Amino acid sequence: MKFDSPATTNPIDQLKIVGKPTNRIDGPAKTTGTATYAYEWKHPDLKPAYGHVVGAGIAKGRIASIDLGDAQAYPGVLAIVTAENAGKLGKSKRNTAKLLGGPEIDHYHQAIAVVIAETFEQARAAAQLVRVEYIRAEGSFDLARSRDSAPDVQNAATGDFLAAFSDAPIQLDETYTTPDHSHAMMEPHASLAAWDGDKLVVWTSNQMIDWGRTDLAATLGIKKDKIQFISPYIGGGFGGKLFLRADVVLAALAARAAKRPVKVALTRPFIFNNTTHRPATIQRIRIGAGKDGKITAIGHETWSGDLPDGGPETAAEQSRLLYAGANRMMATRLALLDLPEGNAMRAPGEAPGLMALEIAIDEMAEKLEIDPIEFRILNDIQVDPEKPTRQFSQRQLVACLRQGAERFAWNKRNPRAGQIRDGEWLVGMGVAAAFRNNIPMKSAARVRVDNRGIVTVETDMTDIGTGSYTIIAQTAAEMMGVGLDMVTVSLGDSAFPVAAGSGGQWGANSSTAGVYAACVKLREALSHKMEFDPSDAVFADGTISAGNRRFTLAEAAGETGVVAEDIMEYGDLAKRYQQSTFGAHFVEVGVDTATAEIRIRRMLAVCAAGRILNPKTARSQVIGAMTMGAGAALMEELVVDKRVGFFVNHDLAGYEVPVHADIPHQDVIFLDETDPTSSPMKAKGVGELGICGVGAAIANAIYNATGVRVRDYPITLDKLLDQMPA
Amino acid sequence: MKAFTYERAVSPAAAAQAAAHLPGSKFIAGGTNLLDLMKLQIETPTHLIDVNGLALDRIEATPEGGLRIGALVRNTDLAADARVRRDYGLLSRALLSGASGQLRNKATTAGNLLQRARCPYFYDTDQLCNKRHPGSGCAALGGFSRQHAVVGVSDSCIASHPSDMAVAMRALDAIVETVLPDGSTRSIPIAELHRLPGDTPHIETTLGAGELIVAVTLPKPIGGKHIYRKVRDRASYAFALVSVAVIVQADGSGRVAVGGVAPKPWRVEAAEARLPEGAKAVTDELLAGAAPTRENAYKLTLVERTLRAVLAEAGSQP
Ligand SMILES: Cc1cc2nc3c(=O)[nH]c(=O)nc-3n(C[C@H](O)[C@H](O)[C@H](O)COP(=O)(O)OP(=O)(O)OC[C@H]3O[C@@H](n4cnc5c(N)ncnc54)[C@H](O)[C@@H]3O)c2cc1C
Ligand code: SF4
Chain A
0 MKFDSPATTN
10 PIDQLKIVGK
20 PTNRIDGPAK
30 TTGTATYAYE
40 WKHPDLKPAY
50 GHVVGAGIAK
60 GRIASIDLGD
70 AQAYPGVLAI
80 VTAENAGKLG
90 KSKRNTAKLL
100 GGPEIDHYHQ
110 AIAVVIAETF
120 EQARAAAQLV
130 RVEYIRAEGS
140 FDLARSRDSA
150 PDVQNAATGD
160 FLAAFSDAPI
170 QLDETYTTPD
180 HSHAMMEPHA
190 SLAAWDGDKL
200 VVWTSNQMID
210 WGRTDLAATL
220 GIKKDKIQFI
230 SPYIGGGFGG
240 KLFLRADVVL
250 AALAARAAKR
260 PVKVALTRPF
270 IFNNTTHRPA
280 TIQRIRIGAG
290 KDGKITAIGH
300 ETWSGDLPDG
310 GPETAAEQSR
320 LLYAGANRMM
330 ATRLALLDLP
340 EGNAMRAPGE
350 APGLMALEIA
360 IDEMAEKLEI
370 DPIEFRILND
380 IQVDPEKPTR
390 QFSQRQLVAC
400 LRQGAERFAW
410 NKRNPRAGQI
420 RDGEWLVGMG
430 VAAAFRNNIP
440 MKSAARVRVD
450 NRGIVTVETD
460 MTDIGTGSYT
470 IIAQTAAEMM
480 GVGLDMVTVS
490 LGDSAFPVAA
500 GSGGQWGANS
510 STAGVYAACV
520 KLREALSHKM
530 EFDPSDAVFA
540 DGTISAGNRR
550 FTLAEAAGET
560 GVVAEDIMEY
570 GDLAKRYQQS
580 TFGAHFVEVG
590 VDTATAEIRI
600 RRMLAVCAAG
610 RILNPKTARS
620 QVIGAMTMGA
630 GAALMEELVV
640 DKRVGFFVNH
650 DLAGYEVPVH
660 ADIPHQDVIF
670 LDETDPTSSP
680 MKAKGVGELG
690 ICGVGAAIAN
700 AIYNATGVRV
710 RDYPITLDKL
720 LDQMPA
Chain B
0 MKAFTYERAV
10 SPAAAAQAAA
20 HLPGSKFIAG
30 GTNLLDLMKL
40 QIETPTHLID
50 VNGLALDRIE
60 ATPEGGLRIG
70 ALVRNTDLAA
80 DARVRRDYGL
90 LSRALLSGAS
100 GQLRNKATTA
110 GNLLQRARCP
120 YFYDTDQLCN
130 KRHPGSGCAA
140 LGGFSRQHAV
150 VGVSDSCIAS
160 HPSDMAVAMR
170 ALDAIVETVL
180 PDGSTRSIPI
190 AELHRLPGDT
200 PHIETTLGAG
210 ELIVAVTLPK
220 PIGGKHIYRK
230 VRDRASYAFA
240 LVSVAVIVQA
250 DGSGRVAVGG
260 VAPKPWRVEA
270 AEARLPEGAK
280 AVTDELLAGA
290 APTRENAYKL
300 TLVERTLRAV
310 LAEAGSQP
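From first to last, the protein sequence lines are chains A and B. Everything in the first sequence is counted per numbering that gives the first Met the number 0, starting at 0 for the first residue and increasing by one. Everything in the second sequence is counted per numbering that gives the first Met the number 0, starting at 0 for the first residue and increasing by one.
A hint or two may mislead.
In silico DSSO-like pairs for lysine-lysine, Cα to Cα no more than 30 Å straight-line [claimed, not checked]:
(1) K105/B <-> K258/A
(2) K38/B <-> K29/A
(3) K87/A <-> K290/A
(4) K25/B <-> K38/B
(5) K1/B <-> K25/B
(6) K38/B <-> K641/A
(7) K224/B <-> K46/A
(8) K38/B <-> K41/A
(9) K279/B <-> K718/A
(10) K46/A <-> K279/B
(11) K41/A <-> K1/B
(12) K105/B <-> K29/A
The hints are simulated quantities; they were obtained by calculation from the structure and are not laboratory data. All figures in this text were calculated on a predicted structure; none of them were measured in a lab.
Looking at chain A on its own, in the form it has when it is part of the complex (with noise of 0.2 Å):
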């Protein structure tokens, strides 16, 4: 099905099922263990070894020896696999380093040899005696150092934004920097590999099967149909498993060198360096406004680092479409750095650039003496600022953030810094805009009903943890008529049509429009088969109808079922309109006045994102977004350490991220919403937008509590303590 005009009124507006709060259909198998993650596959016939991966222990360089012989001759141990005799491997284009480095070094802990063992321990006390002697070289770490080499790759202008910044007679010119974050999912990176001659099967964490089926045959040379890529549960992901990583490489050629299948799972200490990370940014914005408080300028530049042939954090795209302004330069800069590979984690771009964009509008408000909300609205556009033709397809910020400041009770707000107190703490308020766009993907599904009138789902969507089983139950639920105990759903396998994956929030619009054009299909095709006219056909309480004549979808089915499957593909309406996710955060903090230690109070946020499929799983999305956020400003940074070429906290003991006592208040509003343009569902997505603007909302929180502003994240108390009051 193509996907070309706007859409009309389709089953899906019946909302019988769709738009319903409705609990994780695979909550109970996830609840009582029975949800087979990749680490746990048990099969009788697969009696696996397992492999243990040993990672580079320096930054850059070389390896100058590798002496395996300890290792070898340790107990149980059935083969090591090394970049020397791995054969020769390919490189996707989606990986920037070597999944199997080596004698070349890239970066700390990247993968140099898997020792496979019968037990897991005895694969790890052998990995701990592969000795390795390094030759060093010189590395770039340090993003601020290599600021001033770092080229542009992407440029956006509009007007002429210095001569309208220095006419301004308002401007704010402040650099702010975001630190690199680790994606920190539960479940670590896991595959079990198994050969059957030249077929391969990988049971593993991913979010991208196709990707990662793809990537993985290009890094071993072998056919694509010859693997088969299983992944139905996923421990969280956040963008960490959008890829091929070394563990699903090194199961395959752990397992082609043992002769059986082979288990392979990343130790924690390994997410942090051998997998990929959220770039760190520094960003210099710079925004001129007249005295009556509407921009006039706003220039975005953002430096981030990788390695050789990686990509940028993109944090000054949401500055292109936020705010109006005649006159508009956003940069973006790409230094080379050695640390781990950088890569897209939720929200990649807007998460960072927010954190930046919405601290400078708070303070630009302040230059203005207007309030933070009505300096947003006051700058609100429903065009897309740099081609004034081009409509948002839905725009509701500036309901966004009245409804969540009436909600919040914004008005008790103190716009003097420093002035509230409570006991031993000073508190305060901030807001903070959310923005995120739509991506819509292609998508294909397989609809069937068999002869008792169950529907089955089956396509290789991802469900990371976001509710994916639950949002695709409904919509075959509503398309066919039938009611969610008759909908069984199975995902995460290649033998299964290519789905949009998780990836940029565009899962639940994506795979959910598949799904509906599979339905459509099947409609079609029952409808043919009882001789119905498919435009009459009625759909509902099990039955397919029309006039007089009324059949259960079990007669209709037959004895043999009937099966359809579609792909939903887009024409150019997501380039006619600018369809974005809008939303406003609302955080009041607590900083203690002795210690300057921060604590939320309550957040909220208010969200306006197309129609919400099922506003149980969509809140648990925001909420943890949310919570993700609120990581960001306060806690999380991986720490580099500059002379080494490292992240140094890699362990969720020195990699702090939010505890159930940091977050003590919640609160979620979706604002009514249907975006025709999206799809057919009228959906778009909401897991990254909740974490869009947070950080920023928590930092103006804080300068409103205690009149210090911090531009550097996260931010800690030892960044306040010096300028608290005695």
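Model the placement of chain B with the ligands on the given structure of chain A, informed by the hints.
Frame of chain A; chain B with the ligands shown alone:
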């Protein structure tokens, strides 16, 4: 993790004797610290002596009016004990501020005292660390040292002692009781249990080879107001950046011990004499000779500010 042999000790003396006999052996209690370190091959014992079955899990009143806490009493049980809560509130609060519920259920009194540094370079066997490899160097000096110690440190090591419980015990003048391999016993004031790093940061305590902690004794309660204030980046489940333990008497005299700032629970009796002069005077004395890095110098301010708040709280409490 290296392969190891394992035995269950039958008596404290037998445990101590076995440990002294077999070089490379270690006691294991709750295992919450030791096992993590073994997995990363930071600790590589060849033999484990499990002391969990030694019936050292009781809390008993002493004839002197104090409490004798068995070495194997779990942190959860110790914190919940009615006598501890009534007479040694500081200890209960310090315990409850540490780790998580699950860990406290497993963690023991002796294990907590002997838990090892949380320095990230200590945890990475590819980095230089004098504590792991004496003489190799200290990567934290000149590296990431925001959490490290500011006082009592040396050019060899700046790691801080991570225990909360030990800080309270230091303020309470606890006595550590041990059994030696020859069956004799010893009482060690807690002040003398941990050593400063000097140029041997790998030697962390004054315990001899095979010496087993069997109990920790608290002297008779001294009354006063007990406050334990732990300052950290997140609200729970984090090690202290700084912690301040005070016991303040009605006449304004008192005791002060601090955590997160030194290689051992830190208390300077001379500093307590200056309590009447206020937090700054006490802090100056307490942290005299501090040698912070650029990254952890804030701890000096933080101790002073936290102490001031804690003393104010003690003064305002009924
Ligand atoms: C994630 C995490 C967070 C934590 N957070 C905190 C925190 O906030 N505050 C805090 O104070 N602690 C914290 N801890 C540390 C925790 O308190 C310790 O791990 C625990 O107290 C150790 O006790 P254990 O019985 O498990 O010791 P074990 O791991 O069994 O032993 C530790 C050491 O003591 C030795 N030992 C044990 N018993 C004896 C004995 N009877 N005689 C002689 N030697 C003995 C062992 O040989 C070993 O060297 C945390 C730990 C973890 C894993
Ligand atoms: S501070 Fe101590 S524990 Fe940390 S690296 Fe230096 S010597 Fe090792």
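Do the hints match the structure? See the list:
1. The suggested pairing of K105/B with K258/A is violated, with an alpha-carbon distance near 41 Å, which exceeds 30 Å.
2. As the CA atoms of K38/B and K29/A are separated by approximately 28 Å, the hinted pair is consistent with the 30 Å bound.
3. Straight-line distance between C-alpha atoms of K87/A and K290/A comes to about 65 Å, which puts the hinted pair past the 30 Å bound.
4. A hinted pair counts as satisfied when its Cα atoms are at most 30 Å apart, and K25/B with K38/B qualifies at roughly 15 Å.
5. A C-alpha spacing of about 13 Å is found between K1/B and K25/B, which places the hinted pair at or below 30 Å, so the restraint holds.
6. With a CA separation close to 27 Å, the supplied pair K38/B and K641/A stays within the 30 Å bound.
7. Restraint check for K224/B and K46/A: not satisfied, since their Cα atoms lie roughly 62 Å apart, outside the 30 Å limit.
8. Under the criterion of a C-alpha separation no larger than 30 Å, the hint pairing K38/B with K41/A is consistent with the structure, at around 25 Å.
9. Between K279/B and K718/A the alpha-carbon distance is near 21 Å, which keeps this suggested pair within the 30 Å criterion.
10. The suggested pairing of K46/A with K279/B is violated, with an alpha-carbon distance near 66 Å, which exceeds 30 Å.
11. Restraint check: the Cα-Cα separation between K41/A and K1/B comes to about 27 Å, which is no more than 30 Å; the hinted pair holds.
12. Only pairs whose Cα atoms come within 30 Å are accepted, and K105/B paired with K29/A is accepted, the gap being roughly 26 Å.
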